[in-house]
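Chains S and H supply the protein sequences, listed in that same order.
Each residue of the first sequence is one higher than the last, beginning at 1 in my numbering.
Each residue of the second sequence is one higher than the last, beginning at 1001 in my numbering.
Don't read these hints as lab results, they were simulated from the structure.
Incorrect hints may have been included.
Per the computed footprint, the stretches of chain H lying under chain S, defined by three or more beta-carbons under 8 angstroms from a beta-carbon of chain S, are [unchecked claim]:
id, segment
1, 1125-1135
2, 1199-1208
3, 1257-1265
Distance condition first, Cα-Cα at most 20 angstroms in a straight line; then the derived SDA-like pairs of lysine to any residue [said to hold, decoys possible]:
id, chain 1, residue 1, chain 2, residue 2
4, S, Lys65, H, Ser1205
5, S, Lys135, H, Tyr1269
6, H, Lys1276, S, Gly132
In this text, a Cβ means the ideal position worked out from N, Cα and C, and glycines have one as well.
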Amino acid sequence: MQEFVTNNIKETNKVANDLATSLESGQLIALSGNLGAGKTVFVKALAVGLGISETITSPTFVLMKSYPVNYKQIKQLIHVDCYRLDASEDLADIGLQDFLDDPQTLVVIEWADKLDNLPKNNLINVKMEFLGQDKRKIVISSKLVG
Amino acid sequence: MCEYIIIAHLVYFVNSTLFTLFIDLVTIFLYITLSYYILCYNIFMRILALESSCDETALTILNAQADSLVLEKDQVYSQVDIHQQFGGVVPEVAARQHAETIIPLLSANIKSEEKVDYLAVTTGPGLITSLLLGVTAAKTLAYAKNTPLVTVNHMEGHIYSNWLSNDELVKNANKYFPSLVLIVSGGHTELVLMKGHGDYQLLGSTVDDAVGEAFDKVAKLLDLGYPGGPIVSQRANDGDCSIYDLPRPMINSGDYNFSFSGLKTAVLYTLERKKKINTEDVDNVCASFQNAVVDILVNKTMKAAQEFGVKSIMLAGGVAANNQLKESLQQEARIKDLPFFFPELKYSGDNAAMISVAAYYNILNKKNIISGKDLLSVAPQSNWQLFKK
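Just chain H, same shape as in the assembly:
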């Protein structure tokens, strides 16, 4: 397009009067300014992202520019079926499954001659044996295709799942910073103050078990199967949360840390006392447990929102699928007149789409981009702590 415009202008120049020359100069000026703007602020990029930090092997191709994020491809190859047999994540099984699925996933979604601008991969935190598969595939591909690789923190990915489900964040993110993010999953429970893209402060985290883990273990105590979260919250729907008076550990601790181990043990005590439990008891225990969890999470989140004067609240992580948690936070945020964002169900669990979006904002900030020989030293960081106190 550029060439045509220049030729057209040359033709104009030859035949122009002074007036048309003036118009021409204005047009050229506008054209140059606009091109500069497009180059600097509205770069179109195609990013291929891989995620294999735990249960899921996933691939996404994202087409990103200033105010639009479009997923061209998005596939999750879940391993939950396999893990159900074992009641949890078995690392060796997980690694073997990633090894079996990652190449077919790549070849089904991208042709070898196809070009992407960036590759992205989760390098941590997660299970080392699972991470290794995604990291190895991504860095090999990056090296072979001579394409830069963005190393992405899995927790940052969860935060950016909100950008996938809320266009408003893509267009006007700065309006909502600082934002308070509650990240809740099988391995994490963290309250993070997000001051801007890539700028985080950890306000508090669990001192023992993560929320998702507590759901899983309560499901195990009640013999309900794996994964525990969806089953417990489904049973809670039919239960009465006022039947069992469970504790709210650390709710008044004066900081933003959490504790869920004692709550799990309180459920155990309740069951020991009852000895025989029927279906209705199980529903009531689930309802009482979920109510206690939501109480603690919402209470601490709203306290932090108040103290740090945030402009929005975000929810992220696998437990963001929990309806009672979403509804309670929504309600409290509305009372305080704060916008509340949460990811759609398909992006609350582990996926590669959130990794591609986090990669996009890392690229804009020129962070964690690796290319050339440096690619060879990219390795999984199973304990990568992105958020600092």
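Just chain S, with the same shape it has in the complex:
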């Protein structure tokens, strides 16, 4: 488990960038934190770290967006937002299982704490907390297998 306290967006971006360099395909990043904690900012920086040139926009309304990637074995990034989902919601309903099973896909889920059926393996938890103005606490913990 790693814990960071970042004082501005630049420092937050660095944490996301560093995480990006250590990522492998087939992994799942579960982001949690309240409104304004900086989850989308974090995903944007993660995408930059993965060399994605497209602008990452909020998937809140459409629930899921996909972006092509060319980084190590990773060929696509799936950006999911569970903000509008009910806690008991099954991810199969939005067709996510196909992406979770795909070894060339990296899945990032915002508001992942609303889900109780996340896979246990290859899971990286990122918890973000608002500490005031641009100050954030970021806790990264992972359960990696293989």
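Following the hints, put chain H in place on chain S, whose structure we already have.
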């Protein structure tokens, strides 16, 4: 009618003098020219459209011809009540509701032997599980009735909601092109240059949250319920927008992109600083927030209108219901002497009427019409990007 005229003319021919023969030839010439005109430029069509891309299951039957669009049937079966319990759109609930409402909606509005010239359906962008219901119903019906199906882009539908509310556009659209369209909704914030029917250029869009989403999230921060837009703007009416100095992100970015995520976070900071907030504070926060949003949208729209020398400005999408936005754009457009169009309240949100009108102009341009075996491969396109840079 055609047969009677021909018979009448045959009778004339038999009894005619040279003079009447001449008159006859003129009449026949006029008749043929007129029929050709009616066939080519003023085709009457009956279009049945379905929309199920998000919250609403909706059906419309449109009777369209060159300068008149008449809605014969128009029904929206809203799911907002259900979504209120969850604070947003729940796709599984949405899909189940579409499944439960789409067949009753069809059977209540059209008899199985009734004929329509075209079917139309929203195929994207939207929630895949919701889109699938409308698309499946429409293509099945099209195949069974041997009727061509028009696949319609939801955002293009929003643009054409303006044609439903402004007869002038139906009659003289070419006078108003190029037009600058500001599309604002829960999932979209886009500035589009419309050069003609079906001819679009994307000038800019949001780099993070959509406007409607920002309204929803601010409503959530203030614990005001869902959907956030109407509640926040209602509370803004009673508030003072000068109390909180909120930022206008990207207002001077030099392009036509937008950013609303930071504005939402600025509201969060404001609330954190206050700790305890009363009713008056909520009204003032709503007023200050709405004022910042309108400032950004109007500023960028007017800059683009100037740069591209447009002949009109149009507003579209669910946030077109926002009065302050409408009034500000109207006022600025008047200063620049530009016509300003916006959809009536009932057509600003998602509806099937706008889909039927977009389908009509697609048919005139011979675009996106599918028939026969090709119907089987029609599928929802949840990320359909119609507007290109």
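Hint check results:
no. : hint                    : verdict
1   : 1125-1135               : holds (count 5)
2   : 1199-1208               : holds (count 4)
3   : 1257-1265               : holds (count 3)
4   : Lys65/S with Ser1205/H  : holds (16 angstroms)
5   : Lys135/S with Tyr1269/H : holds (11 angstroms)
6   : Lys1276/H with Gly132/S : holds (16 angstroms)
In this structure, every one of the numbered hints holds.
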